[in-house]
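**Q** Below are the chains, spelled out letter by letter.
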Amino acid sequence: MKKVKADPKGVLTGAHYLDGDFAIAEGALAAGCRFFAGYPITPSTETAERFAERIPFVGGIFIQMEDEIASITALIGAAWGGRKVMTVTSGPGFSLMMENIGLACMMETPLVIANVQRGGPSTGLPTLVGQGDMMQVRWGSHGDYQIIALSPDSPQECFDLTIRAFNLSEIYRVPVFIMADECVGHMHEKVVIPPADQIEVVERKWYDGPKDKYLPYKPDKDLVPFMVKAGDGYRFHTTGLTHDERGYPVINAECQDWNVRHLSDKITKNADKIIKYEEDQIDKADVVVISYGITSRVAYRAVQLARKAGIKVGTLRLITVWPFPEKRIAELAKKVKAFVVPELNLGQIVHEVERCSAGQAPAVLVSHCGGWVHDPEDILKAIKEAAK
Amino acid sequence: MTEIQFSGFGGQGIIRCGLITGKAASLYDNKYATMTQSFGPEARGSACSSQVVVSQDRVLYPYITKPELLVSISQDAYDKYEPELREDGILLIDTDLVKARPARGKIKMYGIPSTRLAEELGNRIFTNLVMLGFFTAISKVVTPEAMKKALPGLVPQRFLDINIRAFDQGYQYGLETLSKDQKKS
Chain W
1 MKKVKADPKG VLTGAHYLDG DFAIAEGALA AGCRFFAGYP ITPSTETAER
51 FAERIPFVGG IFIQMEDEIA SITALIGAAW GGRKVMTVTS GPGFSLMMEN
101 IGLACMMETP LVIANVQRGG PSTGLPTLVG QGDMMQVRWG SHGDYQIIAL
151 SPDSPQECFD LTIRAFNLSE IYRVPVFIMA DECVGHMHEK VVIPPADQIE
201 VVERKWYDGP KDKYLPYKPD KDLVPFMVKA GDGYRFHTTG LTHDERGYPV
251 INAECQDWNV RHLSDKITKN ADKIIKYEED QIDKADVVVI SYGITSRVAY
301 RAVQLARKAG IKVGTLRLIT VWPFPEKRIA ELAKKVKAFV VPELNLGQIV
351 HEVERCSAGQ APAVLVSHCG GWVHDPEDIL KAIKEAAK
Chain U
1 MTEIQFSGFG GQGIIRCGLI TGKAASLYDN KYATMTQSFG PEARGSACSS
51 QVVVSQDRVL YPYITKPELL VSISQDAYDK YEPELREDGI LLIDTDLVKA
101 RPARGKIKMY GIPSTRLAEE LGNRIFTNLV MLGFFTAISK VVTPEAMKKA
151 LPGLVPQRFL DINIRAFDQG YQYGLETLSK DQKKS
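If you read the protein sequences in the order shown, they are chains W and U.
Here this note's numbering is used: the first residue of the first sequence is 1, the next is one more, and so on.
Here this note's numbering is used: the first residue of the second sequence is 1, the next is one more, and so on.
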């Protein structure tokens with residue numbers, strides 16, 4: 001992995017007052033993204049607008065595509081053309097992208113997709129918040145594969161995590177998702193963009209060996225194969241079909257086993273390096289609130305109230321949602337009375353908490369269908385109940 | 001923590017009021033400020049609002065719950081949002097555009113003909129800046145220096161001077177209103 005300083009051309013150093021959507025665009029430009037293909041959809045459109053406005057001054061390409069299927073397909077092509085690439089979308093557009101998200105995983109293509117979540121299903125609540133795509137991002141395309149998903153809780157984190165998303169996608173040659181939500185996407189807060197020489201970006205692992213020896217799917221020591229740029233004179237084949245190290249289809253059980261396990265292993269075996277979470281007052285906690293995105297901020301207000309009432313409550317905020325921090329949850333499950341999991345859906349991440357807890361501590365869901373954030377009082381009530 | 005709501009009809013620069021206030025507080029007054037806006041199906045001409053939560057500490061819950069400062073530049077907005085104002089809150093209205101009922105409870109109400117003053121400056125498009133100046137003087141949540149520093153980038157550069165003049169005029173009107181208010185009491 002080659003780390004370099006960010007290209008100053010894309011870095012808008014300084015303190016700004018930005019919404020989360022704009023901050024995602026700035027994060028992408030700072031990370032070196034120079035190709036964006038997308039189709040506008042509320043509440044993610046502002047990211048596309050900002051990117052389109054800024055990219056002529058930075059140097060790169062913005063294309064408004066005919067739909068989200070074309071958008072993700074263009075990303076795959078541009079990534080193989082050597083660019084760092086991204087798109088943004090929301091529920092309905094995300095559903096359209098699912099098939100080719102699988103293709104990107106199978107072709108081991110680095111790309112970044114931000115989903116600024118709104119209420120669903122279907123067209124649902126175009127202008128209002130939701131967190132209902134957390135399982136879709138993990139399982140939405142068919143077959144077995146692994147992805148990485150991050151969840152920002154503020155415009156500042158939209159900026160920071162977008163850079164991290166690009167870095168992770170380059171390290172692991174995998175689609176990385178920024179699972180934001182309408183509230184974080186549309187709220188304005190201070191965003192500090194550091195000088196370019198303080199931003200670390202990861203360069204793609206380019207192959208520079210003999211032209212006739214290149215194997216696009218031969219795992220390196222870190223399990224991740226080298227890439228080449230289309231047009232640089234390497235002959236290679238890539239496909240959505242089950243393939244061998246050369247990238248040619250091999251349609252049998254042995255190759256399927258090798259191919260699919262590899263897609264999974266490169267993420268699961270590096271999970272400790274990918275997973276990030278933030279904990280507070282967790283050591284002596286009776287109850288731990290597990291949350292992500294905007295809900296973590298609302299939950300924290302409930303936690304403050306609970307602490308005033310004398311309850312020992314800790315928090316664990318998921319910054320990386322996928323891969324899931326299963327070891328940490330299993331560890332905590334042995335010590336705490338219960339987990340409280342507020343989500344803007346009818347229960348998604350709570351099932352992961354339950355799975356990892358394996359019956360050692362109950363996971364109490366505080367559900368909300370979206371359209372607004374939780375009333376902190378509802379979370380407080382669940383914390384009080386769980387502490388009994 | 002202070003919860004502020006700006007309201008009026010679409011096109012009056014209501015969202016801009018929230019942006020300028022939030023930027024001023026968080027970038028130049030070293031506070032935390034989270035700005036959100038109503039993202040309903042509102043179109044130009046109907047009631048709209050922007051909300052800012054200003055705090056010494058990090059803002060957790062991003063929305064206002066019971067605003068203590070409400071600015072209304074249209075009758076619809078006043079009718080829609082006034083009932084949500086805190087009992088001991090401050091209400092600022094455009095006296096030409098809003099026909100207000102007597103203030104509830106301990107609410108303090110202050111008025112300014114912001115649209116008329118803006119027209120006298122040459123264009124009613126400056127109404128929001130006149131109102132922001134007035135708001136700054138009365139509320140004292142954000143310093144006038146910070147507000148003016150926040151303007152570049154949020155108003156067109158070629159109209160920066162006249163926007164500052166509009167702000168100053170509203171600010172001055174606010175100071176005079178406050179001193180009259182003190183003499184009365």
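By construction, these hints were calculated from the structure, which means they are not laboratory data.
It is possible that some hints are incorrect.
Said to hold, decoys possible - List time: in silico DSS-like cross-link candidates among lysine-lysine, alpha-carbon distance up to 27 Å:
(1) W/K381 / W/K335
(2) U/K66 / W/K308
(3) U/K106 / W/K384
(4) W/K308 / W/K205
**Q** Would the hint linking U/K66 and W/K308 be met if the CA-CA limit is 27 Å?
**A** 22 Å, holds
**Q** Can you confirm whether the C-alpha distance between W/K308 and W/K205 stays at or below 27 Å?
**A** Since the Cα atoms of W/K308 and W/K205 sit roughly 51 Å apart, the hinted pair is violated (cutoff 27 Å).
**Q** With a cut-off of 27 Å on the C-alpha distance, tell me whether W/K381 and W/K335 pass.
**A** 21 Å, holds
**Q** Is the Cα-Cα distance between U/K106 and W/K384 27 Å or less?
**A** 35 Å, violated
The structure shown violates the earlier hints numbered 3, 4.
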